[in-house]
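Colleague: Sequence:
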Amino acid sequence: MHAAAVEIEIRIPDAQSLKDRRQVVRSLLDGARHRFGVSAAEVGGQDTWQSATLGFAVVASEARLVDEQLDAIDRFLWSRPEIEVLDGETHWLA
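Sequential numbering of the sequence shown, starting at 124, is according to this note's numbering.
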């Protein structure tokens with residue numbers, strides 16, 4: 124078994140309120156869950172309007188499959204015009 128978690132910091136430049144921010148974050152998390160079947164949550168920055176830290180966890184039988192899923196999540200986030208990806212850190216768990 125292989126597992127990894129990734130933390131990704133994003134900026135939401137057009138968010139004018141926490142409600143705007145929550146809509147964008149919810150859309151990203153739900154999209155990743157449905158598209159890739161991963162665990163996803165907001166893990167930081169909940170009190171700021173224009174930034175958030177998202178966490179994604181992937182488990183698979185081979186490290187290659189985990190890596191492919193993480194790459195797909197990364198591409199998914201970079202393709203979203205409403206956000207800017209600021210930073211990301213991957214933690215291999217097994």
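One or more hints might be untrue.
As the list claims (entries may be wrong) - The calculated SDA-like cross-link candidates involving lysine to any residue, where the alpha carbons are at most 20 angstroms apart (straight line), are:
| id | residue 1 | residue 2 |
| --- | --- | --- |
| 1 | Lys142 | Val129 |
| 2 | Lys142 | Arg203 |
| 3 | Lys142 | Glu165 |
| 4 | Lys142 | Leu152 |
| 5 | Lys142 | Ser184 |
| 6 | Lys142 | Val182 |
| 7 | Lys142 | Ala180 |
| 8 | Lys142 | Arg187 |
| 9 | Lys142 | Glu132 |
| 10 | Lys142 | Thr171 |
| 11 | Lys142 | Gly168 |
| 12 | Lys142 | Ala126 |
| 13 | Lys142 | Asp190 |
| 14 | Lys142 | His125 |
In short, the hints are calculated from the structure, not lab data.
Colleague: None of the hints should be skipped; say for each whether it holds.
Modeller: Results of checking the hints against the structure:
1. Simply put, lysine 142 and valine 129 have alpha-carbon atoms about 25 angstroms apart, too far for the 20 angstroms limit, and the pair is violated.
2. Taken as a hint, the lysine 142 and arginine 203 pair is honoured in the structure, with Cα atoms around 18 angstroms apart against an allowance of 20 angstroms.
3. Distance check on the hinted pair: lysine 142 and glutamate 165 sit about 14 angstroms apart at the alpha-carbon level, within 20 angstroms; holds.
4. For the hint linking lysine 142 to leucine 152, the alpha-carbon distance of about 15 angstroms falls within 20 angstroms, and the restraint holds.
5. With a C-alpha separation of about 38 angstroms, the suggested pair lysine 142 and serine 184 falls outside the 20 angstroms cut-off, and the hint is violated.
6. Between lysine 142 and valine 182 the CA atoms are separated by roughly 32 angstroms; this puts the pair beyond 20 angstroms, and the hint is violated.
7. A hinted pair counts as satisfied when its Cα atoms are at most 20 angstroms apart, and lysine 142 with alanine 180 does not qualify at roughly 25 angstroms.
8. Restraint check for lysine 142 and arginine 187: not satisfied, since their Cα atoms lie roughly 38 angstroms apart, outside the 20 angstroms limit.
9. Under the criterion of a C-alpha separation no larger than 20 angstroms, the hint pairing lysine 142 with glutamate 132 is consistent with the structure, at around 18 angstroms.
10. Proximity of lysine 142 to threonine 171 is assessed by CA-CA distance (about 11 angstroms); at most 20 angstroms being required, the pair is judged to hold.
11. Under the criterion of a C-alpha separation no larger than 20 angstroms, the hint pairing lysine 142 with glycine 168 is consistent with the structure, at around 14 angstroms.
12. Taking the CA atoms of lysine 142 and alanine 126, the gap is near 33 angstroms; set against the 20 angstroms cutoff, the hint is violated.
13. Note on lysine 142 and aspartate 190: the hinted pairing is violated, with a Cα-Cα distance of about 33 angstroms set against a maximum of 20 angstroms.
14. The suggested pairing of lysine 142 with histidine 125 is violated, with an alpha-carbon distance near 36 angstroms, which exceeds 20 angstroms.
Hint compliance for this structure: hints 1, 5, 6, 7, 8, 12, 13, 14 are not met, and every other hint is.
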